[in-house]
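Here the structure of chain A is known, so what remains is to put chain B in place on it, guided by the hints.
Number of protein chains: 2
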Amino acid sequence: MKLADFLSDTRTRFETHLLSTFQPSPSQHLASAIHYSLLNGGKRLRPALVRAAALACEHDNDDWLVPATAIEVIHVYSLIHDDLPAMDDDDLRRGKPTNHKAFDEATAILAGDALQAEAFQLLANAVNFNDAQVRRMLISISAGAGHQGMVGGQMLDILAEKQNGTLEQLETIHRLKTGALIKAALTLGALCQKNVSQETLEQLENYGDAIGLAFQITDDILDVTSSTEVLGKPQGSDLDGNKTTYVSLLGLTGAEHHAQQQFSLAIESLTNMGLNESSLLWQLAEYILNREY
Amino acid sequence: MKLADFLSDTRTRFETHLLSTFQPSPSQHLASAIHYSLLNGGKRLRPALVRAAALACEHDNDDWLVPATAIEVIHVYSLIHDDLPAMDDDDLRRGKPTNHKAFDEATAILAGDALQAEAFQLLANAVNFNDAQVRRMLISISAGAGHQGMVGGQMLDILAEKQNGTLEQLETIHRLKTGALIKAALTLGALCQKNVSQETLEQLENYGDAIGLAFQITDDILDVTSSTEVLGKPQGSDLDGNKTTYVSLLGLTGAEHHAQQQFSLAIESLTNMGLNESSLLWQLAEYILNREY
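Chains as they are written, first to last, in the numbering used here: chain A, 1 to 293; chain B, 1 to 293.
Next up, chain A with everything else stripped away, as it sits in the complex (with noise of 0.2 Å):
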């Protein structure tokens, strides 16, 4: 399949899964809040990355699914968390209002501490998984979130923001904050095969790791190169704050040079995996490389 397609395809049952999600809720006004977010588009990256590393495994049917709404699920709820104005203090997210703008600092505060606990109930009841794979996906999946993975990283992200990081610096904050998760993803996407092996668990944590610096990498490249248009959010806002960025710590050819670097060694655990370009997984990474925004 070609990945525009598959983005495309794998975004629509997403979002109609999505929905079809929710219980509902005592609150109805906590539950605008927690609809607000979920449905504010995004590239719903994470969700392909489960699909795509369940068909990198062999698995073709929905069971995809669950175990990506969950992760979304934790991704949505890190964006609640990080626009507060106690953390990033942002009014716009993908050009709507913030979710503390949309509605009160104290609903947000409770969207995503709701979405949190919704992510390991999804899981904890997603019916197509025996009680082992369940297990292995939670345990994943929390310790992907928590504070030795994407929390911790977004602390540290807050404390850099004091004082000048070096490369090891950052890529540790990226490998924590926006890795953990992305690995976390793809585990779970393998999980959904039963009888996946541990080799092929290792090389999509490889993968995971590498892309998800390379995500990064992109990001702070496109700071610079992009409009704000584009990106949804203002142009050169990093370089306005002197955060610390692969730009700022290696330029704009060192950046680029290392992005390819990531690129390179995602490819490598592709093809351990036997995987070649046609692969999702691969494209999936040229993606991410090359994205515009």
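Do not rely on the hints blindly, as some may be mistaken.
Pairs count within a copy or across copies, as identical chains cannot be separated in the list.
Claimed, not checked - The calculated SDA-like cross-link candidates involving lysine to any residue, where the alpha carbons are at most 20 Å apart (straight line), are:
#1 162 - 31
#2 162 - 32
#3 162 - 104
#4 101 - 257
#5 194 - 130
#6 194 - 132
#7 101 - 8
Since the hints were derived computationally from the structure, they do not count as laboratory data.
Same frame as chain A, now just chain B:
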């Protein structure tokens, strides 16, 4: 065992376990904030409920420690977030500065987020239980913590502050905000026993529902009758804020009568399980009704 000894023994064992539980964090700052709130005393009532439920199911070993930690970790995260300026805006918790006062708001938000993930991670990794037990525990705790449980109750509670509520609305809020996690504590304790019956789980849920309400009613009574020193928070704070409470709705005597009714319901469930007044769950119900802080 006498309740005082049980609570003291449970607390000691629980806190020793808690200290040994957390993996190193990539951010020492985040780890400090997490430890600060985790180790800030408290009655450890929920761990005691987990253990007492396990004992009521004739499961008498240390298996209760991991589920007790998971439940308490959820409780502690909820307190950190509830205390935030955008929520209840409290400066003190058990006589010490709240997390966002001791650290800052961003750290407090992230510490809460990390703790929630940690609760699920601890259970998913619990070696003492089989995959089916782990899954049932995760279903219970995630439902108790999410938008249909604790977080939903917190949202309704915040919205209710702007209007006068009925007794039914107040009970709905408390059933969700406090009761859902108390019920999960009892369920997790019972699930330590591999072959616990559905009947036992239902009786424990009824018991949890009743003592959860009794706990809240007693809270409202103590706010009027106790002193700031004993409570560790300003006495009469509910009345100052014109908050709807059991006392404002029913009067002091009516509230005491209502608490007694809930106590009777709790005892009825225990009797159905074949337990008597020497059982710890019975003593815990008495303690919740008669506590002084």
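Against the structure, the hints:
In this assembly of identical chains, the alpha carbons of residue 162 and residue 31 lie at most 20 Å apart only when taken from different copies (19 Å versus 36 Å within one copy). Proximity of residue 162 and residue 32 under a CA criterion of 20 Å is satisfied inter-copy only: 19 Å between copies versus 36 Å inside one chain copy. Taking CA atoms no more than 20 Å apart as the test, residue 162 paired with residue 104 passes between copies only; the shortest distance there is 14 Å, against 27 Å inside one copy. In this homomeric assembly, residue 101 and residue 257 never come within 20 Å of each other (Cα to Cα): the closest approach is 38 Å inside a single copy and 44 Å across copies.
Proximity of residue 194 to residue 130 under the C-alpha cut-off of 20 Å is found in both arrangements, the shortest distances being 8 Å within a copy and 17 Å between copies. In this assembly of identical chains, the alpha carbons of residue 194 and residue 132 lie at most 20 Å apart whether taken from the same copy (9 Å) or from different copies (16 Å). In this assembly of identical chains, the alpha carbons of residue 101 and residue 8 never lie at most 20 Å apart, being 29 Å within a copy and 46 Å across copies at closest.
Taken one by one, the earlier hints fail for this structure at numbers 4, 7, listed in ascending order.
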